[in-house]
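Going down the list, the sequences are from chains A and B. Counted the way the working numbering counts, the first sequence spans residues 139 to 250. Counted the way the working numbering counts, the second sequence spans residues 4 to 116.
These aren't lab readings, by the way, just hints derived from the structure by calculation. Because the structure is a prediction, the values reported are computed rather than measured. For each residue, glycine too, the CB sits at the ideal point set by N, CA and C. Misleading hints may appear alongside valid ones.
Computed, partial: chain A to chain B, Cβ under 7 angstroms [to be verified]: (1) Gly180; (2) Tyr186; (3) Phe193; (4) Thr248.
Below, computed lysine to aspartate or glutamate pairings styled on DMTMM-like, alpha-carbon distance capped at 25 angstroms [as the list claims (entries may be wrong)]: (5) B/Lys60 <-> A/Glu236; (6) A/Lys147 <-> B/Asp42; (7) B/Lys4 <-> B/Asp87; (8) B/Lys74 <-> A/Glu236; (9) A/Lys208 <-> A/Glu236.
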Amino acid sequence: DGGITQSPKYLFRKEGQNVTLSCEQNLNHDAMYWYRQDPGQGLRLIYYSQIVNDFQKGDIAEGYSVSREKKESFPLTVTSAQKNPTAFYLCASRDTLETEAFFGQGTRLTVV
Amino acid sequence: KNQVEQSPQSLIILEGKNCTLQCNYTVSPFSNLRWYKQDTGRGPVSLTIMTFSENTKSNGRYTATLDADTKQSSLHITASQLSDSASYICVVSLQTGANNLFFGTGTRLTVIP
């Protein structure tokens, strides 16, 4: 089945730790995105990538880092510099000529 | 400033009843508008897309409308079912650019028996 897969579904992080969220797609999409979703707020863009080995900061990139070594993969690292990381994280991909974004099932990150 | 606003923020209706969700936007230059459904703890899924020249589009019990002059869209749900309980997100696209999607904050719909 074609789609976009995020893992893990739930993640717990201790104060001061870095954690990495996985995002893989087999839709052959060039563009991939990471969004953060908080209660009562719309999706906010963290990072996006249009091609391999290139990525751009979104609106709330501070405390996060990404890599795009393969077309299929766009992992997000939440660093200890992110002071309020508890949130629902969504990864998306799309064909750059289209506007429909396909989303993964999300990762809920909780700081303990 | 490009913005998308949705109302109401939340809505509770009885099973079988109809409801209408609203989306106002100031995004320009406009390309299209999509309504997404997001079940709790899941990723959003596209329900329908509206382009500049389209006024109405249906997808089963979901009917979306677009008034490009007033920059308003609505999503009408007919004969609601318990499975319609979800957040509905309005997303407006600019004509160009990789970072060209603008998200509303969503309407949380709860259908009760």
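Results for each hint:
1. For the restraint placing A/Gly180 at the interface with chain B, the shortest Cβ-Cβ distance is roughly 4 angstroms, inside the 7 angstroms limit, so the hint holds.
2. Satisfaction of the interface hint for A/Tyr186 is found here, the shortest Cβ-Cβ separation to chain B being roughly 6 angstroms, below the 7 angstroms cut-off.
3. The beta carbon of A/Phe193 is not positioned within 7 angstroms of any beta carbon in chain B (closest approach about 10 angstroms), and the interface hint is therefore violated.
4. The interface hint given for A/Thr248 is broken, as the beta carbon of that residue sits about 13 angstroms from the closest beta carbon of chain B, more than 7 angstroms.
5. With a C-alpha separation of about 19 angstroms, the suggested pairing of B/Lys60 with A/Glu236 holds against the 25 angstroms cut-off.
6. Straight-line distance between C-alpha atoms of A/Lys147 and B/Asp42 comes to about 15 angstroms, which keeps the hinted pair within the 25 angstroms bound.
7. Among the hinted pairs, B/Lys4 with B/Asp87 is inconsistent with the structure: their alpha-carbon atoms are about 32 angstroms apart, more than 25 angstroms.
8. As the CA atoms of B/Lys74 and A/Glu236 are separated by approximately 21 angstroms, the hinted pair is consistent with the 25 angstroms bound.
9. Distance restraint check for A/Lys208 and A/Glu236: the Cα-Cα separation of roughly 21 angstroms lies within the 25 angstroms cut-off, and the hinted pair is therefore satisfied.
Checked against the numbered hints given earlier, the structure breaks hints 3, 4 and 7 and satisfies all the rest.
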